[in-house]
Amino acid sequence: DQQVKQNSPSLSVQEGRISILNCDYTNSMFDYFLWYKKYPAEGPTFLISISSIKDKNEDGRFTVFLNKSAKHLSLHIVPSQPGDSAVYFCAASAMNTGNQFYFGTGTSLTVIP
Amino acid sequence: IAGITQAPTSQILAAGRRMTLRCTQDMRHNAMYWYRQDLGLGLRLIHYSNTAGTTGKGEVPDGYSVSRANTDDFPLTLASAVPSQTSVYFCASSRRAYRPGSTDTQYFGPGTRLTVL
Numbered sequence: 001d002q003q004v005k006q007n008s009p010s011l012s013v014q015e016g017r018i019s020i021l022n023c024d025y026t027n028s029m030f031d032y033f034l035w036y037k038k039y040p041a042e043g044p045t046f047l048i049s050i051s052s053i054k055d056k057n058e059d060g061r062f063t064v065f066l067n068k069s070a071k072h073l074s075l076h077i078v079p080s081q082p083g084d085s086a087v088y089f090c091a092a093s094a095m096n097t098g099n100q101f102y103f104g105t106g107t108s109l110t111v112i113p
Numbered sequence: 001i002a003g004i005t006q007a008p009t010s011q012i013l014a015a016g017r018r019m020t021l022r023c024t025q026d027m028r029h030n031a032m033y034w035y036r037q038d039l040g041l042g043l044r045l046i047h048y049s050n051t052a053g054t055t056g057k058g059e060v061p062d063g064y065s066v067s068r069a070n071t072d073d074f075p076l077t078l079a080s081a082v083p084s085q086t087s088v089y090f091c092a093s094s095r096r097a098y099r100p101g102s103t104d105t106q107y108f109g110p111g112t113r114l115t116v117l
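Keeping their order, the protein sequence lines are chains A and B.
Our numbering numbers the first residue of the first sequence as 1 and each following residue consecutively.
Our numbering numbers the first residue of the second sequence as 1 and each following residue consecutively.
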């Protein structure tokens, strides 16, 4: 049973425009959320995180929004650049999951020059 | 360069054979993890270790074992490989084990692509 879902397997965006990647979760106890970026043949790399006490966290071109009532988070990339083309995973964890992070299935972002 | 290394990069293995995937980190992180990545399923946790000398089961532990004799190394062993264990395996580490309010992140190795025939 997938507790973290990324319903869009792929997304294409023009360079300079906004990319919005979405993630939904089912466990209301999740209190920490992360986004990872993965290039082919490499391991995922941490991008940005947010704890449940916040609804927004911003780091340069990347902003993560958390809507706890909807159990939804999103990653906004503005402006999108060709180097942002990668697979993006969201992940979540909670006190009652012990040491376990649950990952979504990933969204492949293509930024078109 | 600090980070996580995994070996081998890729491996083709006959079903029934024993295989150990190696993982070493030099960041002195306490916690380490093994994930497998499968198409359509994302990353799933196999086993983890909060600190040297301790291990725990993740979401999909069956058919795998781990050990954590020291801080740096966290090998993953498939005692008798089966084709369903064909996957890409990622080792990861974090400074501390997850706890409420933690803002630690996980750092991933480059992965091992394993094919079991």
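Worth double-checking, as some hints may not be accurate.
To be verified - Here are the simulated DSSO-like pairs of lysine-lysine, each with C-alpha atoms no more than 27 Å apart in a straight line:
#	chain 1	residue 1	chain 2	residue 2
1	A	LYS68	A	LYS5
2	A	LYS5	A	LYS56
3	A	LYS5	A	LYS54
4	A	LYS54	A	LYS68
5	B	LYS57	A	LYS37
6	A	LYS5	B	LYS57
These aren't lab readings, by the way, just hints derived from the structure by calculation.
Verification of the hints:
1. LYS68/A - LYS5/A: Roughly 15 Å between the alpha carbons, so the hint for LYS68/A and LYS5/A holds.
2. LYS5/A - LYS56/A: 20 Å, holds
3. LYS5/A - LYS54/A: 21 Å, holds
4. LYS54/A - LYS68/A: 10 Å, holds
5. LYS57/B - LYS37/A: 25 Å, holds
6. LYS5/A - LYS57/B: The given pair, whose Cα atoms are some 22 Å apart, holds under the 27 Å limit.
Hint check: no violations occur; every hint is consistent with the structure.
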